[in-house]
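Residue numbers (our numbering), protein chains in the order written: chain A, 1 to 510; chain B, 1 to 315; chain C, 1 to 327; chain D, 1 to 331; chain E, 1 to 332.
Hints are not guaranteed to be accurate.
In silico DSS-like links for lysine-lysine, alpha-carbon gap of 30 Å or less [stated by the list, open to error]:
| hint | chain 1 | residue 1 | chain 2 | residue 2 |
| --- | --- | --- | --- | --- |
| 1 | A | K280 | A | K437 |
| 2 | B | K224 | D | K20 |
| 3 | A | K67 | A | K501 |
| 4 | E | K203 | D | K281 |
| 5 | C | K186 | A | K186 |
| 6 | A | K377 | B | K82 |
| 7 | A | K243 | C | K186 |
| 8 | A | K210 | C | K186 |
| 9 | A | K210 | C | K85 |
| 10 | D | K281 | E | K207 |
| 11 | B | K205 | D | K159 |
| 12 | A | K267 | A | K377 |
| 13 | D | K20 | B | K205 |
| 14 | A | K239 | C | K85 |
| 15 | C | K85 | A | K150 |
| 16 | D | K159 | B | K217 |
| 17 | C | K186 | A | K67 |
| 18 | A | K437 | A | K239 |
| 19 | B | K217 | A | K332 |
| 20 | C | K85 | A | K385 |
| 21 | C | K186 | A | K6 |
Derived from the structure by calculation, the hints contain no laboratory data.
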Amino acid sequence: QARPLKWAAAGDALTIDPHAQNEGPTTSLNQNIYESLTERDHAGKLLPLLASSWRVLPDDPTTWEFKLEANVKFHDGSAFSADDVVFSYERAMQPTSDFKGYLTSVEKVSKVDDLTVRIKTKGPNPLLVNNTSSIRIMSKAWAEKNNATKAQDFKNKEENFAVRNANGTGPFVLVSREADVKTVMKRNDAYWAKAKVPLEITELTLVPIKQDATRVAALLSGEVDFVQDVPVQDIARLKTQPKLRVNSGAENRTIFFGMDVASADLKGDNVEGKNPFADKKVRQALNMAINRPAIQRVVMRGESVPTGVIMPPFVNGWTKELDAAPPTDAAKAKALLAEAGYPNGFSTTLHCPNDRYVNDEGICQAAVGMFGQIGIKVNLVSQSKSIHFNLIQRNPPETEFYLVGWGVPTYDSDYIFSYMYHSRTGSQGSWNATGYKNAEVDAMIQSLSKEVDLPKRDATIAKLWTRLKDETIYLPIHNQSLSYAMGTSLDIPVDVANNPKLKMVSFKGS
Amino acid sequence: MSSTPLPTPRSQGRLARLWDSDLAFSFRSSPVTVAATLLALLLVLAAVAAPLIAPYDPFDPASLDLSDGFSRPMEPNEITGKVFWLGSDAQGRDIFSAILYGSRVSLLVGAASVLFSLVIGVGLGLVAGYVGGRTEALIMRVADVQLSFPAILVALLVFGVARGLIPPALQEQMTLLVLVVAIGLSNWAQYARTVRGSTLVEKNKVYVDAARLIGLKAWPVMLKHVLPNVAGPVLVIATINLALAVIEEATLSFLGVGMPPTQPSLGTLIRFGQQYLFSGEWWILLFPSLVLVLLALSINLFGDWLRDALNPKLR
Amino acid sequence: MLAYILRSLMQGIIVMLAVAFIAFSMFRFVGDPVVNMLGQEATLQDRAELTERLGLNDPVPLQFARFVADAAQGDFGISYRQGRKVSSLILERLPATVELAVLSAIFAFVTGIALGVYAAIRRDGWIANLVMALSLIGVSLPTFLIGIGLIYIFAVELRWLPSFGRGDTVALGWWTTGLLTTSGLKSLVMPVLTLGFLQLTLIMRLVRSEMLEVMRADFIRFARARGIPERRIEFRHALRNTLIPVITIAGVQLGGVVAFAIVTETVFQWPGLGALFVNAVQFVDVPVMSAYLLFVAFVFVLTSLIVDLVYIGLDPRLRTGNPAMAK
Amino acid sequence: MSEAPFVEVRDLRRVFDVSKPWLNRVLENAPRQYLKAVDGVSFDIARGETFALVGESGSGKSTVARMVVGLLPPSDGTVAIAGVSMNDVDVAQERQRLRRRIQMIFQDPYASLNPRWRVGRIIAEPIRAFQIVEGEAAINNRVGELLTLVGLHPDDRSKFPHEFSGGQRQRIAIARALASNAEFIVCDEPTSALDVSVQAQILNLMRDLQERLGLTYLFISHNLAVVRHMATRIGVMYLGRLVEISDGKQLFSNPRHPYTRMLLDAVPDLAMTGKARDGVKGEIPNPISPPCGCTFHPRCPLVFDRCRIETPPVIDGVACHAVNEGRVAAA
Amino acid sequence: MTVKEAVPVLSVRDLTVEFVTRRATLRALDRVSFDVARGEVLGVVGESGAGKSVTGSAIIGLIDPPGRIAGGEVLLSGARIDDLPQEAMRKVRGKRIGMIFQDPLTSLNPLYRISEQLIETIRVHTDLDAAQARARAIALLDEVGIPAPERRIDSYPHEFSGGMRQRVVIALALCAEPEFIIADEPTTALDVSVQAQIIALIKRLCKERGTSVMLVTHDMGVIAETADRVAVMYAGRIAEIGPVREVVKQPLHPYAKGLMGAIPSLEGEAKRLVQIPGTMPRLSAIPPGCAFNPRCSQAFSRCHVERPELIAVGDRKVACHLYDESNAEIAA
Ligand SMILES: Nc1ncnc2c1ncn2[C@@H]1O[C@H](COP(=O)(O)OP(=O)(O)OP(=O)(O)O)[C@@H](O)[C@H]1O
Ligand SMILES: Nc1ncnc2c1ncn2[C@@H]1O[C@H](COP(=O)(O)OP(=O)(O)OP(=O)(O)O)[C@@H](O)[C@H]1O
Ligand SMILES: [Mg+2]
Ligand SMILES: [Mg+2]
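Modelling step: build the complete structure from the supplied sequences, incorporating the hints.
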């Protein structure tokens with residue numbers, strides 16, 4: 001029986017090359033075609049996939065060994081083997097790959113036999129396996145044949161075959177793809193793990209619909225069956241529709257503000273020769289000015305969980321105490337400001353994306369008002385994510401106050417530390433646009449990736465968090481929640497990484 | 001001289017004469033035009049006097065209270081109990097005040113961009129028409145290129161380029177200016193074409209020769225003699241372009257490249273409101289849209305009448 | 001006559017060159033192409049190498065010449081965002097936009113002329129007045145509001161028509177068409193109406209005023225004085241004279257429909273070039289932006305050329321190249 | 001004419017480039033085309049005299065007028081007024097001073113006044129430009145005087161041109177011409193747009209003014225009767241050439257050039273003398289490619305071979321081979 | 001003039017035309033009456049705005065709104081035509097009454113060949129088929145003096161000179177052999193030398209066909225030469241009408257006298273022209289009584305109050321109180 005599913009999302013995958021873009025919507029699509037050694041279920045739990053088991057070699061803490069599933073076939077019918085894994089990891093480690101960050105600790109990937117692979121790390125890396133769920137495996141023979149051995153390479157002046165064609169081991173086979181229009185996949189009837197999953201969808205079509213209203217309209221009129229990005233304001237109405245189901249749940253993502261705490265003077269402010277953000281009291285005042293419950297209630301319509309730390313609860317290192325945010329207290333905030341020498345506040349500019357996170361622009365607007373109430377006049381510049389992220393990633397950064405959201409695909413605090421708190425050196429701290437730089441903290445962060453003793457490691461993590469939370473480098477807002485809307489015959493749970501597992505879908509009622 | 005001058009029966013005051021003129025008559029006798037003009041005036045006045053009329057200042061984020069968010073029109077807010085005539089939006093902004101301030105921004109952008117394109121277009125058109133030759137060919141070719149791109153595309157491009165060139169810190173302050181330039185640049189060619197056309201006609205009229213005979217140079221002749229005579233069609237285009245510019249600004253804002261959310265224009269308000277098309281908060285979309293359409297419509301009605309009234313060939 | 005056509009061609013080429021220059025400058029100066037291509041992690045050496053490879057060290061005129069030569073061969077480089085050849089992206093999106101634009105243009109032209117002629121002939125009739133009033137509302141309604149309104153009524157409330165996209169398409173070679181399937185046709189209705197509406201009102205108003213003007217011409221009076229039936233005067237004598245100015249202006253405008261589609265395509269998630277462009281603007285995908293710019297200019301040049309040819313067909317005064325016969 | 005002529009026109013030529021655009025010329029292999037609007041015209045005008053130019057449309061009358069007042073630079077030849085060259089760069093300053101002495105009245109009274117200006121401002125413009133009198137009150141006075149002079153009311157200054165009839169507008173134009181105390185007025189068909197009864201008013205006014213102010217006129221018209229009424233001397237133009245110059249009366253009693261005769265013949269006979277008129281044959285040839293030799297030869301009843309080849313020079317006021325050779329008896 | 005004196009080809013009775021404007025109802029024609037006999041050329045002269053063109057338009061039924069025929073009647077060969085329904089009137093136009101306008105440059109549709117316009121008109125009014133109509137058109141062109149008509153017939157109007165175009169216009173007006181032709185200033189836009197040719201052509205054609213003509217013009221000379229009778233119009237009224245010789249040589253009406261005296265002449269001494277003071281009144285300000293009274297040097301009290309009717313004086317009719325018997329002593 002034909003059971004097609006039309007799946008609408010706000011944005012399209014940027015590419016289907018599995019190693020070209022480490023970005024939410026891209027992964028969301030690609031995971032249906034390509035598979036990795038391990039996977040996460042919708043709750044974030046790590047499960048075996050192409051690797052049936054793994055271990056750190058008892059004699060060598062720097063080497064991981066993965067046993068691969070037998071009888072796995074690529075979509076073109078060729079058999080999956082260790083060669084493909086080695087090839088794919090090497091491909092993911094190339095400079096043109098966007099996934100090399102997951103594999104910085106990897107020294108070498110090697111084949112032991114057809115179904116065994118070893119990954120040697122530069123030092124001991126007790127958490128390497130967490131990263132393997134992000135590295136997808138493609139067919140070596142196919143890539144070589146089609147001259148796609150490198151992830152997207154602009155220098156070629158030629159397009160990469162893998163950008164439009166795919167050959168993975170996943171539950172769905174690519175039929176056709178028009179970027180930003182639609183991507184059609186059909187069920188992989190020869191799927192190796194058919195027995196373990198329902199795999200009821202016969203044809204899967206992803207249609208990106210950018211406009212919120214149009215996306216909702218498409219669901220209401222029955223043109224699509226499943227909407228991944230339901231605008232928060234429409235959840236209530238959709239819930240009242242008898243033929244629709246809305247599932248909500250937390251996402252593995254925290255939304256927060258960052259600011260330049262290091263520069264001697266800010267360009268966008270009205271304070272001469274001083275950087276107000278460099279003063280912890282000012283940062284604390286800002287933190288106190290934010291009315292998190294109000295943002296949750298009005299801007300997010302309840303679809304978020306306020307937080308006091310830039311870490312979602314799924315992450316190793318999260319505690320209730322850390323999560324507690326300071327209560328909103330404008331009077332105290334003003335007092336702090338006065339103490340810091342800004343009794344009349346100051347003015348500055350806030351940069352905000354307007355098409356990346358749930359109601360990102362609304363959050364910024366609300367915050368601007370709240371900062372205004374303690375006397376800090378904030379200009380708001382909101383723009384598309386591609387421009388916004390550029391400002392953050394430039395070196396030196398071109399923003400002094402910005403909103404960003406961070407998900408943690410490895411479910412470990414290290415990921416946050418090394419991207420957000422480590423000083424900008426080498427491949428680390430690339431998203432740390434605050435200029436925060438502390439040799440001691442950097443050393444502690446670096447020690448994490450080498451620490452084999454997990455309790456000891458956790459202790460370091462806790463120490464780091466206590467210290468960093470107190471520093472108030474970032475102003476956490478909330479952990480974002482997600483809602484999926486679909487016809488009542490479906491019941492797709494919200495995936496914490498926002499990568500719905502469509503092979504798990506089963507149709508009820510029909 | 002044996003001929004006697006004809007008696008002049010009409011010697012009333014200037015105002016009375018204006019009232020009695022054909023233009024005023026055709027105005028008075030078209031109730032639709034009168035209504036439209038009154039409406040347009042009302043909207044413009046309300047926009048200009050926004051700070052005096054508006055109960056809140058929607059441009060001051062500090063005065064907003066999130067708890068006021070999504071109040072229904074004329075109903076007290078569930079939490080704060082405040083009443084907003086036309087409701088409030090997601091930020092707790094009073095829609096009525098936001099519309100007043102928003103029309104102010106829209107009209108400011110509209111008027112300034114019209115002025116901008118008018119100055120460029122009329123200037124270039126006059127020069128092209130009066131000087132002729134290569135200058136004319138060059139100017140008109142540039143105008144052609146410009147005309148080949150619809151306003152929205154030009155504005156998007158200008159906006160994009162400005163984004164690339166203006167330092168991010170200044171962008172918010174510059175948005176208004178960029179909008180004015182973007183919309184202004186996308187419309188000047190029309191003026192240039194019209195003015196050139198009329199100038200070509202006017203400059204061959206002998207009153208221009210008469211002026212040249214007393215030794216006037218090209219510029220004084222253009223400005224003092226030709227310009228006033230090409231002003232009619234320019235005025236018509238300017239009026240209609242004002243409506244267009246307001247719409248264009250709204251469209252740009254709708255596409256996300258307009259006024260920042262903290263200083264919303266009508267278009268920005270509509271862009272926000274559009275998110276609530278299905279969620280039941282209809283007032284956030286409806287009222288700004290209505291004002292935008294009424295504003296454009298009333299200006300257009302006036303412009304339409306003006307065009308017919310100034311066109312000697314009709315009627 | 002040949003000279004006339006050649007001149008149009010030459011003007012077209014000049015326009016194309018001017019636009020190419022804008023596109024080139026954008027490519028070259030708005031955002032650093034090397035940074036855009038290489039991303040953050042690139043080493044200095046990578047950059048230098050790519051700069052050299054892309055020829056960015058050459059003199060600007062040479063770069064421009066190369067740009068034009070590449071563009072003339074349909075080579076606009078690789079999209080920063082999608083990593084695909086811009087030319088193939090454009091070709092892929094072309095059918096959607098062309099079908100939308102052509103249908104809108106036909107809709108606007110045919111309905112616009114018919115209504116305009118009607119409004120001119122029955123100048124004071126109430127239907128004509130109603131049509132004129134509606135046309136003003138049409139001019140005052142932003143396109144995006146029309147689109148949103150249509151979606152709300154026909155897709156959400158009535159559920160008659162799909163709210164987005166092209167529906168099912170049939171591939172004829174590389175061309176995909178929505179004209180051969182019911183869902184494709186249904187999907188076209190609202191975007192075509194939305195896109196065509198503004199043009200329709202403009203053309204209609206233009207036709208009306210031109211026609212009114214022509215109807216006062218001496219030769220119309222003379223035709224009446226000869227006892228030519230009124231119908232014949234209206235449709236044979238007046239209409240053709242009306243069409244000459246209408247075609248110039250409408251031609252330019254319809255050439256622009258392709259680009260006007262930006263808003264419509266955004267609202268209806270129409271997978272055409274306009275949507276591609278808007279996405280490109282948001283991602284600062286300069287190769288796509290500049291290619292689109294050139295494409296729009298090309299369409300404009302093409303329509304102007306067609307307009308000029310139609311002109312020659314309509315107006316015999318342009319056809320004679322015999323100066324001895326004049327005066 | 002004992003004293004030196006007030007206006008001296010020598011060998012005036014004006015060529016307009018009416019070539020097709022470059023591309024057409026290349027494609028069609030067409031040469032550049034020139035239109036000789038005025039071709040070697042010479043005449044003198046004495047102070048206080050009215051010199052008239054007549055000729056059909058396109059014969060170059062207006063072009064001569066525009067060159068004489070300096071609105072159009074001649075391609076060749078000279079115009080000197082009161083001894084000052086109108087086109088010599090060296091005497092630019094003198095010429096600027098000369099300008100106030102020369103004015104022009106145009107054919108179309110509806111187009112010759114700026115429709116957006118009030119009459120007072122129109123007439124005051126030359127006064128201000130040449131600083132004839134200083135001070136607003138004085139200017140006002142002068143405008144009033146001028147309006148009265150041409151038979152209008154001083155209060156008319158606050159009206160716009162469209163509030164006047166054609167004849168009244170022409171009076172305003174005359175007032176403007178007189179505003180700078182001009183001595184020499186070029187009148188390009190000043191009455192051809194007016195009704196006969198109004199024409200009579202204007203013609204009478206012009207003659208009155210001439211008598212009172214000692215004006216010199218260059219009077220252009222295609223209407224022979226009007227010319228006869230106004231002019232002391234007359235030049236007949238055909239296709240850019242002056243074919244005959246003679247004293248006013250003589251031209252009508254004794255036309256010599258065949259073209260002049262033809263023109264006279266073409267005038268309907270108000271007196272209804274019943275004299276049979278020779279129908280004028282043909283139309284003016286295309287001025288871009290005028291017939292060679294005597295340009296009138298295709299229409300000339302007296303044409304003979306020489307006329308087709310050789311351009312007749314002006315001898316004794318006539319440019320006609322037949323006349324010069326005495327082959328036609330003076331009528 | 002032939003025997004059929006009894007029924008004039010055209011008879012205009014008390015024709016009144018009004019233009020309704022917002023300020024007033026303007027009377028462009030005020031009880032105009034005249035007859036045109038078969039084969040006769042009636043000249044109509046008068047200043048600009050006197051109502052000459054309106055008279056022509058009213059006869060042929062082409063007064064555009066806001067104008068309307070407010071009174072009087074027009075009879076064509078004895079039958080009323082001013083009250084005919086649209087379609088019937090259309091059939092009269094071109095078929096029975098031809099019209100020639102002033103400007104040949106704009107009278108022809110620039111987009112159609114001469115042949116198309118001629119054949120169209122011929123076929124609208126006759127049963128000829130296309131080939132016959134074409135032959136007819138060629139014959140007509142030949143008749144109006146266009147050389148090599150077979151060749152020129154397929155030209156476009158812009159390929160003709162002004163004089164040639166006016167010939168084509170005349171051919172178009174003559175297509176259906178109308179009984180009556182209105183020529184509204186047919187030569188004003190033409191060169192002096194061509195004017196005479198065109199006038200001669202009209203005159204010859206009408207004579208040959210026995211067509212009557214109403215020739216509207218400014219030019220007294222043309223009238224003097226062409227017309228049999230002449231009507232002098234002033235401010236929408238006929239001031240004087242009568243045989244051309246008498247009216248031109250010894251005008252009766254003071255206005256006509258002024259008009260004749262104002263024309264510079266080729267003969268005689270170039271003396272000061274007779275000058276009528278002032279200008280014709282605007283339609284909105286026509287004085288009561290005789291419209292000419294403010295400009296008339298002989299006006300007396302009655303002229304200011306009572307409108308003079310046309311009075312027969314010999315062969316002529318004149319609208320002036322001076323010729324009313326009861327005022328005989330003043331006229332002297
Ligand atoms: N600016 C110009 N460019 C080209 N040709 C011109 C220009 N001005 C005049 N001519 C031509 O020169 C010739 C003489 O023109 P001009 O106006 O002097 O004639 P005219 O005798 O005054 O005629 P009219 O009685 O119609 O005023 C005409 O053939 C005209 O077409
Ligand atoms: N459409 C109109 N509306 C108002 N008044 C009009 C209209 N048409 C003509 N008139 C008036 O009717 C009067 C007679 O006009 P008409 O055209 O018959 O004059 P005419 O004698 O033909 O003058 P001309 O010699 O200038 O052609 C004029 O006063 C004119 O203003
Ligand atoms: Mg002239
Ligand atoms: Mg007339």
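Which numbered hints are broken by the structure, listed smallest first?
2, 14, 17, 18 and 19
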